[in-house]
Amino acid sequence: MSKLEIAIWVSNLKKCYQNKDVLKDVSFSVPAGTIYALLGSNGAGKTTTIRILTTQMKADSGEMKIEGYNVSKQPQKVHEVIRLTGQFSAVDEVLTGKENLIIMGRLCHLPNPEKRADELLDYFELSVSANQIVSTYSGGMKRKLDIAMSLVGNPKVIFLDEPTTGLDPQSRHSMWKIIKELNRAGVTIFLTTQYLEEAEQLADKIAILDKGVIIAEGTPEELKSYLPQGVIQFLFEDRETLEKAKSLMGDYKTSSIPKEYKLTVVTDGKADTLAQIFSRFYQNKVSIHTFSQLTPNLEDAFLTMIAEREEENQWRSS
Amino acid sequence: MEIKLKRYNDTVTMVKRCFMLSKRNPDTLLTSIMLPALMMLLFVSLFGNLVHVGDTSYVNYIVPGVLLQCVGQCSSTTAIMMNKDVTSGIMNRFCTLPIKNLSILNGHILEALVRNLLTSVIVLLVAVLLGFRPSINLMDWGIVLILLAGIILALSWLSIAVGITVNSAEGASALSALAIILPYLSSGFVPTETLPKVMRVFADYQPMTPIIDTMRNALLGNPLEIDVCIIALLWCVGLVVVFYFLSLVLFKNRMNK
Numbered sequence: 001m002s003k004l005e006i007a008i009w010v011s012n013l014k015k016c017y018q019n020k021d022v023l024k025d026v027s028f029s030v031p032a033g034t035i036y037a038l039l040g041s042n043g044a045g046k047t048t049t050i051r052i053l054t055t056q057m058k059a060d061s062g063e064m065k066i067e068g069y070n071v072s073k074q075p076q077k078v079h080e081v082i083r084l085t086g087q088f089s090a091v092d093e094v095l096t097g098k099e100n101l102i103i104m105g106r107l108c109h110l111p112n113p114e115k116r117a118d119e120l121l122d123y124f125e126l127s128v129s130a131n132q133i134v135s136t137y138s139g140g141m142k143r144k145l146d147i148a149m150s151l152v153g154n155p156k157v158i159f160l161d162e163p164t165t166g167l168d169p170q171s172r173h174s175m176w177k178i179i180k181e182l183n184r185a186g187v188t189i190f191l192t193t194q195y196l197e198e199a200e201q202l203a204d205k206i207a208i209l210d211k212g213v214i215i216a217e218g219t220p221e222e223l224k225s226y227l228p229q230g231v232i233q234f235l236f237e238d239r240e241t242l243e244k245a246k247s248l249m250g251d252y253k254t255s256s257i258p259k260e261y262k263l264t265v266v267t268d269g270k271a272d273t274l275a276q277i278f279s280r281f282y283q284n285k286v287s288i289h290t291f292s293q294l295t296p297n298l299e300d301a302f303l304t305m306i307a308e309r310e311e312e313n314q315w316r317s318s
Numbered sequence: 001m002e003i004k005l006k007r008y009n010d011t012v013t014m015v016k017r018c019f020m021l022s023k024r025n026p027d028t029l030l031t032s033i034m035l036p037a038l039m040m041l042l043f044v045s046l047f048g049n050l051v052h053v054g055d056t057s058y059v060n061y062i063v064p065g066v067l068l069q070c071v072g073q074c075s076s077t078t079a080i081m082m083n084k085d086v087t088s089g090i091m092n093r094f095c096t097l098p099i100k101n102l103s104i105l106n107g108h109i110l111e112a113l114v115r116n117l118l119t120s121v122i123v124l125l126v127a128v129l130l131g132f133r134p135s136i137n138l139m140d141w142g143i144v145l146i147l148l149a150g151i152i153l154a155l156s157w158l159s160i161a162v163g164i165t166v167n168s169a170e171g172a173s174a175l176s177a178l179a180i181i182l183p184y185l186s187s188g189f190v191p192t193e194t195l196p197k198v199m200r201v202f203a204d205y206q207p208m209t210p211i212i213d214t215m216r217n218a219l220l221g222n223p224l225e226i227d228v229c230i231i232a233l234l235w236c237v238g239l240v241v242v243f244y245f246l247s248l249v250l251f252k253n254r255m256n257k
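Heads up: the protein sequence lines correspond to chains A and B, in order. Per our numbering, the very first residue in the first sequence carries number 1; after that it's consecutive. Per our numbering, the very first residue in the second sequence carries number 1; after that it's consecutive.
The hints are simulated quantities; they were obtained by calculation from the structure and are not laboratory data. No experiment lies behind these values; they were computed from the predicted model shown. Yeah, the Cβ is synthetic: ideal placement off N, Cα and C, and Gly gets one too. Each hint should be verified, as a subset may be incorrect.
[Stated by the list, open to error] Some chain A residues flagged as far from chain B (calculated, every beta-carbon gap over 10 Å): (1) Thr34; (2) Gly86; (3) Asn284.
[What the hints assert, rightly or not] Listed next, the in silico PhoX-like pairs over lysine-lysine satisfying Cα-Cα at most 20 Å (straight line): (4) A/Lys58 to A/Lys77; (5) A/Lys14 to A/Lys58; (6) A/Lys180 to A/Lys156; (7) A/Lys270 to A/Lys253; (8) B/Lys252 to A/Lys58; (9) A/Lys180 to A/Lys205; (10) B/Lys84 to B/Lys252; (11) A/Lys77 to B/Lys84; (12) B/Lys100 to A/Lys58; (13) A/Lys73 to B/Lys100; (14) A/Lys156 to A/Lys177; (15) A/Lys73 to A/Lys14; (16) A/Lys205 to A/Lys177; (17) B/Lys16 to A/Lys115; (18) B/Lys252 to A/Lys73; (19) A/Lys244 to A/Lys285; (20) A/Lys259 to A/Lys244; (21) A/Lys262 to A/Lys246.
With the hints as extra help, turn the sequences into a complete structure.
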């Protein structure tokens, strides 16, 4: 694969801020035309990564290239191909949506900023509110305008820092649709999110960032495959039955919530195994109130990985 | 495919943006138009008959002082606008565009210069209504314009520095307190000889006094004291240079935080 097909390339990125290692050793690459999600909780280093990649902050060490341009040595070239939509709204609240877009068009040196503004307002279904001042917009509309501002100069790479944080579910879904459509038009998208569902919905590739380290990277399917399949949760009538059931499941990995009479059994997911469990309960007269099969989602993958890492650290330090 | 891009001047775009912003800000109307008129009216009608300042009328005497007070007030609008820019995400967006950071700051400064000059015209018109009779010598007006522009630029760069540094608009507006008090502690409203000892020393050595004295002489067509005029000019240039570089350093630090 030639270098040009890689839109973002990061190697051994390190950043220490106020005596804290925010990014310890981050490396990844994003192929052009794909969506890459950096997933992590607050303080994981997501925004720092974006700030460094968009030239707003200097890295302590490491090499980064965007569309072949060196981020630390050719910031002006990088500015020409990227756009940023930060975590906080970046529009002038007292101006109208259209005025905001026109100013942006002029700053991007477009030949006809008015025309581009109208196109974008149309595309984001904001035409009706084009001449209203932005402070009257709803949260979802503001976010759309924010994204529209980033599209004014037809960038090749867009950075979205937590694009749906604070949006209601409906606006979130329409934002996902917009992001997917942008991607279809050939724009490379780098986004950060705290929501697994979002990463799962949008990204071609997900990296899980925890305390400045990428602890896992892969497609949503690959990340899910780390998880055990076929987890079954049983609900019993009382504590006694729960304890009895638990003793019967000695050869399986289980966990229980005694107060709620709940027992979770991890199986290999095969039908035979399930039949065996049920027949064992039946033969021993353990009556089951209800049961359900849990399908693993990324949330579990994420939490499992972070928990495993913490255990490992504790084991190492003890 | 080569698209021919029209060269928009980024600074001009930024000036236009700042004008649009300040036009929609109700505070601007108050500080730029109503306040100067009210200040002029208040001082002349309250103290006009009480204060005797040599051989000229009180309204003639206080015009430069009120001008500088209004310029200071107007500058706090710039501090607030700048503060809004750096505390909202918009500055991060501008800083990742293919434009020079300096054009963002220059946009604010040029807008402030034009807005302040308009305010000054209003102050002068109100003064004329109240009996102010200025010199009609073009040379005198040239000196007034140069000094006025100088102090506007100095206070605007100071406002930029303050706007970048403080964490909220409330902090930024505190600048206007300084703008109100400094002209009082100068030769703006009473001759410095009448001030108490400590205040008088301060008044004699602070930049407002030579600037106000020179502007007053020019406005009234009195002969200029060349040494005071040079001190006034040096203060203006010095303050502009200091606050300009200070703003650049503060801006760089803030945006790289």
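Hint check:
{"no.": "1", "hint": "Thr34", "result": "holds, 21 Å"}
{"no.": "2", "hint": "Gly86", "result": "violated, 4 Å"}
{"no.": "3", "hint": "Asn284", "result": "holds, 62 Å"}
{"no.": "4", "hint": "A/Lys58 to A/Lys77", "result": "holds, 16 Å"}
{"no.": "5", "hint": "A/Lys14 to A/Lys58", "result": "holds, 10 Å"}
{"no.": "6", "hint": "A/Lys180 to A/Lys156", "result": "holds, 15 Å"}
{"no.": "7", "hint": "A/Lys270 to A/Lys253", "result": "holds, 15 Å"}
{"no.": "8", "hint": "B/Lys252 to A/Lys58", "result": "holds, 12 Å"}
{"no.": "9", "hint": "A/Lys180 to A/Lys205", "result": "holds, 14 Å"}
{"no.": "10", "hint": "B/Lys84 to B/Lys252", "result": "holds, 16 Å"}
{"no.": "11", "hint": "A/Lys77 to B/Lys84", "result": "violated, 28 Å"}
{"no.": "12", "hint": "B/Lys100 to A/Lys58", "result": "holds, 18 Å"}
{"no.": "13", "hint": "A/Lys73 to B/Lys100", "result": "holds, 16 Å"}
{"no.": "14", "hint": "A/Lys156 to A/Lys177", "result": "holds, 19 Å"}
{"no.": "15", "hint": "A/Lys73 to A/Lys14", "result": "holds, 17 Å"}
{"no.": "16", "hint": "A/Lys205 to A/Lys177", "result": "holds, 17 Å"}
{"no.": "17", "hint": "B/Lys16 to A/Lys115", "result": "holds, 19 Å"}
{"no.": "18", "hint": "B/Lys252 to A/Lys73", "result": "holds, 17 Å"}
{"no.": "19", "hint": "A/Lys244 to A/Lys285", "result": "holds, 10 Å"}
{"no.": "20", "hint": "A/Lys259 to A/Lys244", "result": "holds, 15 Å"}
{"no.": "21", "hint": "A/Lys262 to A/Lys246", "result": "holds, 10 Å"}
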